[in-house]
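Chemist: Given the sequences, and given the hints that come with them, work out the whole structure.
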Amino acid sequence: MNRTSLRRLAMAVSLTALLGGCGQPEFTDVEKRTIALMSLSALAPLPPDPTNRFADDPGAAALGATLFFDTGMSRDGNVACGTCHKIDRQFQDDLPRGIGVAETNRRTMPLAGVARDPFFFWDGRRDSLWSQALVPLENPLEHAGTRTSYAHYIKRRFGERYERIFRPLPDLTGLPANAGPFGAPSERAAWAAMTEKQRDGVDLVFADIGKAMAAFERSLVHMPTRFDRFADALARGTAPAGDAALSEEEEAGLRLFIGKASCSTCHTGPRFTDNHFHNTGVPPVVGLPVDRGRIAVVDEVRADPFNCLGKFRDGDEEACGELRFMQKSSPELIRAYKTPSLRGVAGRAPYMHAGQFATLEQVVDHYAKAAASIEGETEIHPLQLSDRERAALVAFLKTLSD
Amino acid sequence: MGSTGRMVVGAFGLVALAIGFLAVVFLTAPAAPGPDLARAKTSLKGLYSIAIAPESGEPKQGDLHSWVVTVTTRQGAPVDNASFTIGGGMPEHAHGLPTSPEATSYLGDGRYRIEGMKFSMTGWWQLKFGITAPAGADEATFNLVL
Ligand SMILES: [Cu+2]
Numbered sequence: 001m002n003r004t005s006l007r008r009l010a011m012a013v014s015l016t017a018l019l020g021g022c023g024q025p026e027f028t029d030v031e032k033r034t035i036a037l038m039s040l041s042a043l044a045p046l047p048p049d050p051t052n053r054f055a056d057d058p059g060a061a062a063l064g065a066t067l068f069f070d071t072g073m074s075r076d077g078n079v080a081c082g083t084c085h086k087i088d089r090q091f092q093d094d095l096p097r098g099i100g101v102a103e104t105n106r107r108t109m110p111l112a113g114v115a116r117d118p119f120f121f122w123d124g125r126r127d128s129l130w131s132q133a134l135v136p137l138e139n140p141l142e143h144a145g146t147r148t149s150y151a152h153y154i155k156r157r158f159g160e161r162y163e164r165i166f167r168p169l170p171d172l173t174g175l176p177a178n179a180g181p182f183g184a185p186s187e188r189a190a191w192a193a194m195t196e197k198q199r200d201g202v203d204l205v206f207a208d209i210g211k212a213m214a215a216f217e218r219s220l221v222h223m224p225t226r227f228d229r230f231a232d233a234l235a236r237g238t239a240p241a242g243d244a245a246l247s248e249e250e251e252a253g254l255r256l257f258i259g260k261a262s263c264s265t266c267h268t269g270p271r272f273t274d275n276h277f278h279n280t281g282v283p284p285v286v287g288l289p290v291d292r293g294r295i296a297v298v299d300e301v302r303a304d305p306f307n308c309l310g311k312f313r314d315g316d317e318e319a320c321g322e323l324r325f326m327q328k329s330s331p332e333l334i335r336a337y338k339t340p341s342l343r344g345v346a347g348r349a350p351y352m353h354a355g356q357f358a359t360l361e362q363v364v365d366h367y368a369k370a371a372a373s374i375e376g377e378t379e380i381h382p383l384q385l386s387d388r389e390r391a392a393l394v395a396f397l398k399t400l401s402d
Numbered sequence: 001m002g003s004t005g006r007m008v009v010g011a012f013g014l015v016a017l018a019i020g021f022l023a024v025v026f027l028t029a030p031a032a033p034g035p036d037l038a039r040a041k042t043s044l045k046g047l048y049s050i051a052i053a054p055e056s057g058e059p060k061q062g063d064l065h066s067w068v069v070t071v072t073t074r075q076g077a078p079v080d081n082a083s084f085t086i087g088g089g090m091p092e093h094a095h096g097l098p099t100s101p102e103a104t105s106y107l108g109d110g111r112y113r114i115e116g117m118k119f120s121m122t123g124w125w126q127l128k129f130g131i132t133a134p135a136g137a138d139e140a141t142f143n144l145v146l
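Residue numbers (our numbering), protein chains in the order written: chain A, 1 to 402; chain B, 1 to 146.
Simulated from the structure, these hints should not be mistaken for laboratory data.
A few of these clues could be false.
Unchecked claim - Okay, derived cross-link-like pairs now, DSSO-like style, lysine-lysine, Cα gap no bigger than 27 Å in a straight line:
no.: 1; chain 1: A; residue 1: Lys311; chain 2: A; residue 2: Lys155
no.: 2; chain 1: A; residue 1: Lys32; chain 2: B; residue 2: Lys60
no.: 3; chain 1: B; residue 1: Lys60; chain 2: A; residue 2: Lys328
no.: 4; chain 1: A; residue 1: Lys155; chain 2: A; residue 2: Lys197
no.: 5; chain 1: B; residue 1: Lys128; chain 2: B; residue 2: Lys41
no.: 6; chain 1: B; residue 1: Lys60; chain 2: A; residue 2: Lys260
Modeler: Rendered as structure tokens:
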């Protein structure tokens, strides 16, 4: 064999090796683009909320913050929003199900970036941040209060502040201390006995409470983590180093997340959510009432008097597209729940809508197995994941916390 | 080196070259031919010509937005009494549209505004329009890649 053919052989072999992708794997250009779009720096500015004209009013936000942490806003004087949405715990409570006046049936949701969502709660049964806030106030398991009690309380404690921000308070003299559409039978009867004008006045104050709380919640944002520093360095074309570096295991997890494990089809973009609802086959908790997810609340959100098409909305109807064109009857809504953001996820076990899984390892195991849903069809397909790959996925998720 | 030896080495070289060549072809070939992305086509039974266009710029993932659908007869006359059913989804994910879009207004000249469209994921989407007008019922499917 002569020199030339030897050289040719060597060239062919090294070419094959090169093209076959041996050695330290690099992210492809497509992967790099996907990763850049997952960085917090790719997050668009928070859009305005034309349905709440106090959304960006600092006075309203300050009142909203006060009310959010005020246990006076409850029947027994012991529960505030902040009881379950703890300020130093990502605005959640580390419990499988939130506990107010009594235990609820769902996991308390963290609140960073929540103002960007079109629908609220695990099942999306409210269509604005301000109408969402009204639900726990009247839920007998949470704040358990009544509508007139909140109006009286606002007048007594914050009357002047309220009027400076919103409007003159309605005349509340002679109104029952406790009356509302969801209270005890006597409270409901008292509500029905009020004039329509009186009810409208109380409803307006009630909606304003929601709008103040929403103005406050708009200030809750995600903080950049090691993953973001890594993604930004990658996008700049510099080698991620120091507190921007990911270990080989974490990189492998990231590659799985956006590749073979297809987590990023739903957990997409800078917030790691598509803001939509999916059946992922998460099993129900034994002993809790039947929970059918999104399908069960389609009528509720459309009939809510505080929804975007109702009379308490500011601005015009143009802002109501999400409600008007929401998916109303598809079988895909059965046991469909909101895709949660995965930012900070390692620091807030347990997971899923009723705290079904205690650890991220259990979550990954659930996705690998892709068990059938108790009702409806899961969108998850079984995955062949080795122990190393599972550990890598978990390691990657942790980079969204530090 | 004996002639058998030379032949073995030569065979190795050829195989390596072939693998190298295949690798080049495989890695530089365009991805499998994608779906037909035409935004204007004849409906399935041939009753109408249908063209679709986003109302304001190419849609972005997650944004609620509108499309304008233009319906004409095969001869090019605008169809102005059409009603629509709108469906679709992601064939590769076996799910439907995340919203239920509707034709909300007639803009004249066979043009209709479709509101409430949303693509919640990146990837291949299909939009299926059922069209009913005096000439009869027909349908057309469009592909989009986000
Ligand atoms: Cu999809």
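Chemist: Each hint needs a verdict: does it hold in this structure or not?
Modeler: Going down the list of hints, with the structure as the test:
no.	hint	in the structure
1	A:Lys311 <-> A:Lys155	23 Å, holds
2	A:Lys32 <-> B:Lys60	19 Å, holds
3	B:Lys60 <-> A:Lys328	23 Å, holds
4	A:Lys155 <-> A:Lys197	18 Å, holds
5	B:Lys128 <-> B:Lys41	12 Å, holds
6	B:Lys60 <-> A:Lys260	24 Å, holds
Hint compliance for this structure: no hint is broken.
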